[in-house]
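**Student:** Each chain is listed here by its residues.
Protein chains: 2
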Amino acid sequence: MTNVVAIQLESDGQIKGWIEEIERALDRYSQIGDQSPELLTQAMRYSLLGGGKRLRPLLVLAACEMCGGSLADAIPAACAVEMVHAYSLVHDDLPGMDDDDMRRGKATCHVQFNHATAILVGDSLQSLAFELLAGELTANSNVTPVQAVKCIGLLAKAAGCQGMAGGQQDDLMANSLPATETTLLRIHRRKTGALLSVSLEIGGVIAGASQLQLEKLRDFGQNVGLAFQVTDDLLDATGDASTVGKRTRKDDTKGKLTYPAMFGIEESRRKAAELIQQAESCLQSFGAKASHLQDIARFVLERQQ
Amino acid sequence: MTNVVAIQLESDGQIKGWIEEIERALDRYSQIGDQSPELLTQAMRYSLLGGGKRLRPLLVLAACEMCGGSLADAIPAACAVEMVHAYSLVHDDLPGMDDDDMRRGKATCHVQFNHATAILVGDSLQSLAFELLAGELTANSNVTPVQAVKCIGLLAKAAGCQGMAGGQQDDLMANSLPATETTLLRIHRRKTGALLSVSLEIGGVIAGASQLQLEKLRDFGQNVGLAFQVTDDLLDATGDASTVGKRTRKDDTKGKLTYPAMFGIEESRRKAAELIQQAESCLQSFGAKASHLQDIARFVLERQQ
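So the protein lines, in turn, are chains F and P. Just so you know, we're using the numbering used here here: the first sequence kicks off at 1 and counts up by one. Just so you know, we're using the numbering used here here: the second sequence kicks off at 1 and counts up by one.
These aren't lab readings, by the way, just hints derived from the structure by calculation. Being a predicted model, the structure only gives us computed values, none of them experimental. Don't take every hint at face value.
Copies of the same chain look alike in the list, so a pair counts if it works inside one copy or between any two.
As the list claims (entries may be wrong) - Listed below are the simulated DMTMM-like cross-link pairs for lysine to aspartate or glutamate, each with C-alpha atoms no more than 25 Å apart in a straight line:
id	residue 1	residue 2
1	Lys-150	Asp-34
2	Lys-150	Asp-73
3	Lys-271	Asp-27
4	Lys-150	Asp-98
5	Lys-289	Asp-73
6	Lys-256	Asp-34
7	Lys-150	Glu-274
8	Lys-256	Glu-302
9	Lys-256	Asp-99
10	Lys-16	Asp-295
11	Lys-256	Glu-38
12	Lys-289	Asp-219
13	Lys-271	Glu-20
14	Lys-16	Glu-302
15	Lys-289	Asp-27
16	Lys-256	Asp-100
Sequences and hints are given; from them, build the entire structure.
**Tutor:** This is how it looks when you write it as structure tokens:
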């Protein structure tokens with residue numbers, strides 16, 4: 001599957017270069033060697049490489065650059081966030097969860113390998129993310145142990161029961177929650193928002209950003225995160241499976257609580273645009289340095305996958 | 001279920017106190033508040049509290065004490081290791097893995113709650129372990145960020161594809177591997193040995209142990225880890241489900257590669273005793289300070305659950 005972000009942001013040669021850099025680093029960090037069972041490494045790499053928008057690592061790099069940090073310093077953390085994202089997709093697709101057989105235009109991990117291996121792929125990718133933050137992040141870099149500990153704490157909280165995993169739990173139980181916008185907001189803040197938002201914060205921490213800057217990054221992230229979820233719901237409701245890279249119309253089939261189901265397609269589009277506008281306004285004080293983050297925000301609004 | 005370790009080590013009032021301290025800390029650290037979905041928190045606490053030998057956290061504390069560190073400083077790391085252990089049990093019991101319905105004398109997590117929640121419980125406990133190491137471990141303690149980063153890197157590696165998760169993958173595929181002692185050793189070094197061994201190393205790191213001391217701790221841990229697995233296999237082969245707290249004879253039913261299957265009961269017992277002797281010899285240079293670790297090693301040999 002072609003990387004649509006790369007195409008849409010192709011005019012921005014720098015972001016294209018970042019994506020290539022992220023792909024290379026993910027490839028390098030997932031070459032575990034003979035200390036890991038071969039099939040497990042293979043399944044981890046299958047789930048991590050060759051596909052995906054790389055939105056979260058791009059946010060880490062863009063936030064780090066905007067706050068004056070070194071991109072090379074941010075690469076391990078960018079990859080760690082992507083590993084957590086990749087693990088969550090593998091587990092979300094499991095038979096005991098959403099039971100999906102297609103992801104990023106190819107068979108999901110448990111279909112391609114087997115059920116037990118897919119569980120272990122998710123578990124191992126999460127461990128590898130923290131191994132990276134405790135190892136590569138401070139090796140040959142300007143990142144101090146204090147900054148590394150901060151990044152690890154942020155990622156752990158955003159990934160766990162108060163963040164992404166908690167959001168998935170809410171989502172699975174959404175039918176028993178009141179079908180209101182408040183419920184929808186609560187689910188998405190955790191399920192998608194937490195990891196997107198923390199990507200920006202981690203980029204800021206690595207750059208040594210001030211508290212005020214970190215707050216702006218968090219606000220930007222929350223808005224982009226919600227917009228991302230609205231456009232995700234819209235793609236499920238209106239997109240074509242071959243472009244989106246996964247089964248569509250599944251929300252509707254499951255009677256899932258989504259923005260289009262609650263507000264209709266047009267109103268959802270308007271909401272997404274409004275959220276991106278709000279996100280962009282969080283970056284005003286950064287001036288021209290915010291241009292890459294602005295580009296990424298606009299991509300979230302206009303994306304086709 | 002009564003905590004048999006506490007009874008067997010009751011003559012050692014200090015270890016009994018440690019177990020109580022660990023239980024209290026696990027209870028405290030798993031009170032997440034309303035930021036986590038209620039059912040998820042409840043299921044995490046169900047899987048983490050009220051049962052378990054607490055062997056790994058005891059090893060963290062005993063190693064830290066032996067190397068002259070402060071026990072209070074080691075409590076968060078002790079709990080983090082136990083959370084990783086607890087998560088691995090929840091995932092090992094899943095229908096897609098060993099499909100067990102009983103653990104520590106009660107229903108396994110996916111039976112008591114549901115399949116999806118059990119997956120998320122494991123995922124969230126792993127995140128929480130790293131959150132603890134990045135937060136509580138350095139808060140109001142003598143542990144520096146450098147030490148915390150070291151502990152995080154060690155735990156992440158021991159938990160992931162090169163350690164515990166890799167060992168579980170090997171174990172699941174053991175039927176396709178040659179039925180030799182080498183295979184058995186490789187599986188157990190990763191599946192059980194890695195986390196037991198790293199518990200000791202983490203205790204040492206927190207105490208500021210020397211490289212030589214850390215090596216001795218690792219060697220001790222590898223031997224105790226293997227002995228633990230041999231006695232685990234022996235309990236499965238000869239123990240009573242109500243004492244052991246989980247279904248027994250399941251290895252035999254599955255035709256699993258185990259020590260008793262390969263060498264017989266008596267020879268396996270001899271091997272376990274020999275491993276514990278080897279373990280104890282690693283502690284010679286620590287003199288009388290090693291007494292708690294010696295007690296724990298002997299418990300591993302004589303345990304009934």
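**Student:** Hints first: check each against the structure and report whether it holds.
**Tutor:** Checked hints:
For the homomeric pair Lys-150 and Asp-34, the shortest alpha-carbon distance between copies (23 Å) is at most 25 Å, but the shortest distance inside one copy (31 Å) is not. In this assembly of identical chains, the alpha carbons of Lys-150 and Asp-73 lie at most 25 Å apart whether taken from the same copy (15 Å) or from different copies (19 Å). For a Cα distance limit of 25 Å, the shortest separation of Lys-271 from Asp-27 qualifies neither inside one copy, at 37 Å, nor across copies, at 42 Å. For a Cα distance limit of 25 Å, the shortest separation of Lys-150 from Asp-98 qualifies neither inside one copy, at 33 Å, nor across copies, at 36 Å.
Taking identical chains as interchangeable, the C-alpha atoms of Lys-289 and Asp-73 lie at most 25 Å apart only when both belong to the same chain, with a minimum of 18 Å there against 43 Å between chains. Only between protomers do Lys-256 and Asp-34 lie at most 25 Å apart by alpha-carbon distance; the minimum there is 24 Å, versus 43 Å within a single protomer. For the identical chains of this complex, Lys-150 and Glu-274 are neighbours neither inside a copy (32 Å) nor across copies (44 Å), given an alpha-carbon limit of 25 Å. Only within a single protomer do Lys-256 and Glu-302 lie at most 25 Å apart by alpha-carbon distance; the minimum there is 23 Å, versus 53 Å between protomers.
Proximity of Lys-256 to Asp-99 under the C-alpha cut-off of 25 Å is restricted to the intra-copy arrangement: shortest distance 15 Å within a copy versus 29 Å between copies. With identical chains, the CA atoms of Lys-16 and Asp-295 are at most 25 Å apart within one copy only, with a shortest distance of 12 Å there and 59 Å across copies. In the homo-oligomer, the alpha carbons of Lys-256 and Glu-38 lie at most 25 Å apart only across protomers (21 Å), although the nearest pairing inside one protomer, at 38 Å, exceeds that limit. For the identical chains of this complex, Lys-289 and Asp-219 are intra-copy neighbours only, at 17 Å inside a copy versus 52 Å across copies, given an alpha-carbon limit of 25 Å.
Proximity of Lys-271 to Glu-20 under the C-alpha cut-off of 25 Å is found in neither arrangement, the shortest distances being 32 Å within a copy and 52 Å between copies. When the C-alpha separation of Lys-16 and Glu-302 is checked against a cutoff of 25 Å, the pair qualifies only within one copy, where the shortest distance is 17 Å, while the shortest distance between copies is 61 Å. Within a single copy, Lys-289 and Asp-27 get their C-alpha atoms no closer than 29 Å, and across copies no closer than 46 Å, so neither meets the 25 Å cut-off. With identical chains, the CA atoms of Lys-256 and Asp-100 are at most 25 Å apart within one copy only, with a shortest distance of 15 Å there and 31 Å across copies.
In summary, the structure is inconsistent with hints 3, 4, 7, 13 and 15 from the numbered list given earlier, while agreeing with the others.
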